[in-house]
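Turn these sequences into a full structure, and let the hints steer you where they fit.
Taken in order, these protein sequences are the chains called A and B. So the first sequence is residues 5 to 349, counted in the numbering used here. So the second sequence is residues 5 to 349, counted in the numbering used here.
These are computed hints drawn from the structure, not numbers from a lab. Take these hints with a grain of salt, some might be off.
No copy is singled out in the list; a pair is fine if it fits within one copy or between any two copies.
In silico lysine to any residue, SDA-like type, Cα no more than 20 Å apart, as pairs [unchecked claim]:
id, residue 1, residue 2
1, Lys335, Ser152
2, Lys164, Asp53
3, Lys188, Leu328
4, Lys308, Leu191
5, Lys55, Glu178
6, Lys302, Ile67
7, Lys55, Thr186
8, Lys334, Glu87
9, Lys320, Glu291
10, Lys281, Asp179
11, Lys60, Tyr192
12, Lys55, Tyr192
13, Lys55, Leu185
14, Lys55, Phe187
There are 2 protein chains.
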Amino acid sequence: MFIILDSFCSKQREILQNYMCGDRVFKQILGEIEEELLVLEDDLRAVVDTKIRLIKKPLENMINSGGKRLRPAMVLAAARFGEYDFENIRSLAVSVELIHTATLIHDDIIDDSPLRRGIASIQSQLGKDIAVFAGDYLFCKAFELFASSDHFNMLRSVSKVMYQICEGELKQREDLFNTDLTFKEYLYRIRRKTAILFALSSEIGARASKAPTKTVRALHNYGINTGIAFQIADDLLDFISEDKKLGKPAGADIREGVITLPAIYALKYSEHREHLKHILSNRNINEDEINEAIEIIKKSGGIKYSESMAKRYVQKALNSIETLPEIPIKKVLMNISSFVINRSM
Amino acid sequence: MFIILDSFCSKQREILQNYMCGDRVFKQILGEIEEELLVLEDDLRAVVDTKIRLIKKPLENMINSGGKRLRPAMVLAAARFGEYDFENIRSLAVSVELIHTATLIHDDIIDDSPLRRGIASIQSQLGKDIAVFAGDYLFCKAFELFASSDHFNMLRSVSKVMYQICEGELKQREDLFNTDLTFKEYLYRIRRKTAILFALSSEIGARASKAPTKTVRALHNYGINTGIAFQIADDLLDFISEDKKLGKPAGADIREGVITLPAIYALKYSEHREHLKHILSNRNINEDEINEAIEIIKKSGGIKYSESMAKRYVQKALNSIETLPEIPIKKVLMNISSFVINRSM
Numbered sequence: 005m006f007i008i009l010d011s012f013c014s015k016q017r018e019i020l021q022n023y024m025c026g027d028r029v030f031k032q033i034l035g036e037i038e039e040e041l042l043v044l045e046d047d048l049r050a051v052v053d054t055k056i057r058l059i060k061k062p063l064e065n066m067i068n069s070g071g072k073r074l075r076p077a078m079v080l081a082a083a084r085f086g087e088y089d090f091e092n093i094r095s096l097a098v099s100v101e102l103i104h105t106a107t108l109i110h111d112d113i114i115d116d117s118p119l120r121r122g123i124a125s126i127q128s129q130l131g132k133d134i135a136v137f138a139g140d141y142l143f144c145k146a147f148e149l150f151a152s153s154d155h156f157n158m159l160r161s162v163s164k165v166m167y168q169i170c171e172g173e174l175k176q177r178e179d180l181f182n183t184d185l186t187f188k189e190y191l192y193r194i195r196r197k198t199a200i201l202f203a204l205s206s207e208i209g210a211r212a213s214k215a216p217t218k219t220v221r222a223l224h225n226y227g228i229n230t231g232i233a234f235q236i237a238d239d240l241l242d243f244i245s246e247d248k249k250l251g252k253p254a255g256a257d258i259r260e261g262v263i264t265l266p267a268i269y270a271l272k273y274s275e276h277r278e279h280l281k282h283i284l285s286n287r288n289i290n291e292d293e294i295n296e297a298i299e300i301i302k303k304s305g306g307i308k309y310s311e312s313m314a315k316r317y318v319q320k321a322l323n324s325i326e327t328l329p330e331i332p333i334k335k336v337l338m339n340i341s342s343f344v345i346n347r348s349m
Numbered sequence: 005m006f007i008i009l010d011s012f013c014s015k016q017r018e019i020l021q022n023y024m025c026g027d028r029v030f031k032q033i034l035g036e037i038e039e040e041l042l043v044l045e046d047d048l049r050a051v052v053d054t055k056i057r058l059i060k061k062p063l064e065n066m067i068n069s070g071g072k073r074l075r076p077a078m079v080l081a082a083a084r085f086g087e088y089d090f091e092n093i094r095s096l097a098v099s100v101e102l103i104h105t106a107t108l109i110h111d112d113i114i115d116d117s118p119l120r121r122g123i124a125s126i127q128s129q130l131g132k133d134i135a136v137f138a139g140d141y142l143f144c145k146a147f148e149l150f151a152s153s154d155h156f157n158m159l160r161s162v163s164k165v166m167y168q169i170c171e172g173e174l175k176q177r178e179d180l181f182n183t184d185l186t187f188k189e190y191l192y193r194i195r196r197k198t199a200i201l202f203a204l205s206s207e208i209g210a211r212a213s214k215a216p217t218k219t220v221r222a223l224h225n226y227g228i229n230t231g232i233a234f235q236i237a238d239d240l241l242d243f244i245s246e247d248k249k250l251g252k253p254a255g256a257d258i259r260e261g262v263i264t265l266p267a268i269y270a271l272k273y274s275e276h277r278e279h280l281k282h283i284l285s286n287r288n289i290n291e292d293e294i295n296e297a298i299e300i301i302k303k304s305g306g307i308k309y310s311e312s313m314a315k316r317y318v319q320k321a322l323n324s325i326e327t328l329p330e331i332p333i334k335k336v337l338m339n340i341s342s343f344v345i346n347r348s349m
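In C-alpha cells:
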C-alpha cells in the first residue's frame with residue numbers, strides 16, 4: 005500500500021484523488037494533508053506573482069507543472085507529532101518547496117537540462133543568465149518567508165542546509181566523468197544534494213510544533229534516509245525511464261558524466277568494467293555508447309543492487325520513526341518513504 | 005579632500021596607505037577602520053576556505069582581487085553612531101561583502117563578462133554553470149553568518165534586500181536594448197541593483213549598535229543616495245575608461261544593450277537621437293557603431309549631465325547625515341560618498 009503523491013497542484017485535484025489508494029483511515033489522514041497542501045498551492049502561486057514580467061510566466065509554469073510537494077507534505081506530517089497548528093507552519097512548508105524549486109532551476113543550468121517535469125526548463129526557455137536570477141529570486145523569497153515567520157530562529161539550520169546543497173551540487177560537478185568514484189563519495193554527494201532538504205523539512209515541522217527533541221531527531225533521520233532512498237531511486241530512473249515518464253531523456257546522466265550508484269557498482273563488479281570505464285570517462289560519448297554502457301550496467305546487476313540499497317534506506321527511514329507515537333500520520337510518513345522509491349521499481 | 009578606498013586587501017596594505025590622504029584626525033579615524041577591515045579580510049578568506057576544490061581557488065582570487073570593501077566600511081562607520089563594538093558587527097560587515105561578491109558573480113553570468121576587477125571572471129574561468137553555485141555558496145554563507153550572529157532579527161531586511169537586488173538585475177535584463185527607457189525606470193533599476201545594499205550596510209551597522217531610530221533612518225538614506233551616485237558613476241566608466249582601469253572593456257554596456265543615464269539623456273536631447281536609437285537597439289552592434297554611439301552621447305552632453313546627477317546624489321547623501329552628531333567618523337562617511345563618484349570624474 006503506497007501513497008502515490010504525484011501531484012498536489014490544486015488544478016489537478018482529480019488526478020491526485022485518482023492516485024490515492026489504501027484503507028479508509030489512511031485516506032482520511034491524507035485528506036487532511038491534502039486540503040492544506042492545496043492551500044499551499046495558492047501560497048506558492050502568490051510568491052511567483054511578481055511584477056517582473058520576464059520571470060513571472062516561466063515561474064508560474066514551473067510551480068504549476070505538478071511537483072510532488074513531498075517536502076511540504078513532510079513539514080505538515082512531522083508537525084503533527086507536536087502541538088499542531090497549520091498557520092504556524094504554513095510559511096515553513098512553502099519555504100522548503102521554494103528552496104527545492106530554486107535548486108531545480110539552478111540544477112538545470114548545471115546540467116544543461118532541456119526539460120523539467122515534462123516542460124521546458126527555465127534555462128532552456130530564457131537562457132542560463134535569467135535562470136540564475138529566477139532561482140535567486142525564489143531563494144530570496146524562501147528566506148524572506150522564513151525570516152518573516154515566527155520561526156526565524158530556524159534560519160541558521162536553513163542557511164546551513166542551503167550551503168550544504170551547494171556543496172552537493174558542486175561535488176557532483178567535481179566528480180563528473182570520475183570513474184573511480186566510491187559509494188562513500190556518492191553517498192556524501194546525494195546526502196547534501198538531496199537528503200538534507202528532506203531532513204530539514206521533517207525536522208522543522210516537528211521543531212515548529214514543539215515536538216520533543218527525541219522526536220525531532222527521529223524525524224530528521226527519517227528525512228535523511230528517505231532522501232537518500234529518493235535520490236538512489238531518482239538516479240535509477242535514468243536507466244529505465246522513457247522521456248515521457250521522466251520528463252527528461254534517458255541516459256542523460258551518462259551523457260553528462262554524472263556517475264551514479266548502478267555505474268559505481270558495475271565499474272567494480274562487471275566483467276566489462278575496463279570497457280565501461282573507457283566509455284563513461286569519454287566526454288564525447290555517442291548514443292550507441294550510452295546504450296552499450298546501460299547494457300553493461302544492467303547485466304552487472306548494478307540496477308538490482310541499487311534497488312536493494314534504495315529499499316535498505318527506506319527501511320532505515322522506517323526504523324528511524326519506529327519508536328514515535330502510533331498516531332495516524334505516522335503511516336503517511338511511512339508511505340511517503342516507500343513512495344519515493346516506488347517510482348522507479 | 006577624498007579618501008580613495010581603492011583596496012583594503014590585507015596583502016595590499018601599502019597600496020591602501022598610499023591612497024590615503026587628508027589631515028591627521030581624518031587619517032587617525034580611517035586607521036581605526038583600516039585595522040578592522042584588515043581583520044575582515046581574514047574572515048572573508050576563512051569563508052572561501054572551502055573543501056570544494058572546484059571553487060576554492062577562483063573564490064580566493066576573487067576575494068583577494070582588491071574589492072574596495074565600501075559596504076563593510078559603511079557597516080563599521082555607521083555602527084560608530086551607536087554603542088560601538090567591533091565584535092558585535094564583525095559578521096554583519098563580512099556578510100554584506102559576501103552578498104555583494106555573490107551578486108557580482110551572478111551578474112557576470114548575466115553580462116557574459118570576461119573580466120572582473122581586472123582578472124578573469126568566475127564564469128569565464130569555470131563556466132556559467134559552476135559560477136551559479138559559486139555565487140549561491142557565498143549567498144548561503146552570508147545568510148549563515150547573519151543567522152549565526154546576534155542579529156538574526158535583521159534577516160528579514162537582508163532577505164528583502166536580496167530579493168530586491170534580484171528584481172534590479174532582472175529589470176536590467178528586461179530593459180536591454182530598450183531605447184525608450186526613462187530616467188525614472190533607470191533609477192528604479194539602479195536603486196534595487198546597487199543602492200539598497202549600500203543602504204542595508206549603513207542601516208544594519210547603526211541598528212546593531214543600537215543607534216537612535218532617527219540616526220538609523222538617516223544612515224539608510226545616506227546609503228541609498230551614495231549607492232545611486234555610485235552606480236551612475238560606475239555606468240559612466242563604461243564611456244571613459246580603458247580596459248585596464250576598469251577591469252572590463254569600455255563600451256561593454258552598449259554592446260550588451262544596457263541603457264544607462266548618459267544614453268538616456270542623449271536619446272532625449274541629442275540632435276542625432278534617431279540615429280542613436282537605431283544603433284543602441286541593434287543586437288549585433290559592431291565596434292565602429294559602439295564608438296559612434298559613444299561620440300554622439302558625449303557630444304549630447306550626456307556625460308556631463310550624468311556627472312552632475314551623480315554629484316547631486318552625493319549631495320543628497322551628505323544632506324541625509326547633516327543632522328547626525330559631529331563625530332569624526334562622519335567625515336569618513338562623507339568622504340566615502342564623494343569617493344564613489346571620484347573614480348569616473
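Tested hints:
no., hint, verdict
1, Lys335 with Ser152, "neither (32 Å within a copy, 36 Å between copies)"
2, Lys164 with Asp53, "between (28 Å within a copy, 16 Å between copies)"
3, Lys188 with Leu328, "neither (29 Å within a copy, 59 Å between copies)"
4, Lys308 with Leu191, "within (17 Å within a copy, 60 Å between copies)"
5, Lys55 with Glu178, "between (37 Å within a copy, 11 Å between copies)"
6, Lys302 with Ile67, "neither (35 Å within a copy, 47 Å between copies)"
7, Lys55 with Thr186, "between (47 Å within a copy, 18 Å between copies)"
8, Lys334 with Glu87, "within (15 Å within a copy, 51 Å between copies)"
9, Lys320 with Glu291, "neither (37 Å within a copy, 63 Å between copies)"
10, Lys281 with Asp179, "within (14 Å within a copy, 48 Å between copies)"
11, Lys60 with Tyr192, "between (35 Å within a copy, 19 Å between copies)"
12, Lys55 with Tyr192, "between (39 Å within a copy, 13 Å between copies)"
13, Lys55 with Leu185, "between (45 Å within a copy, 17 Å between copies)"
14, Lys55 with Phe187, "between (46 Å within a copy, 19 Å between copies)"
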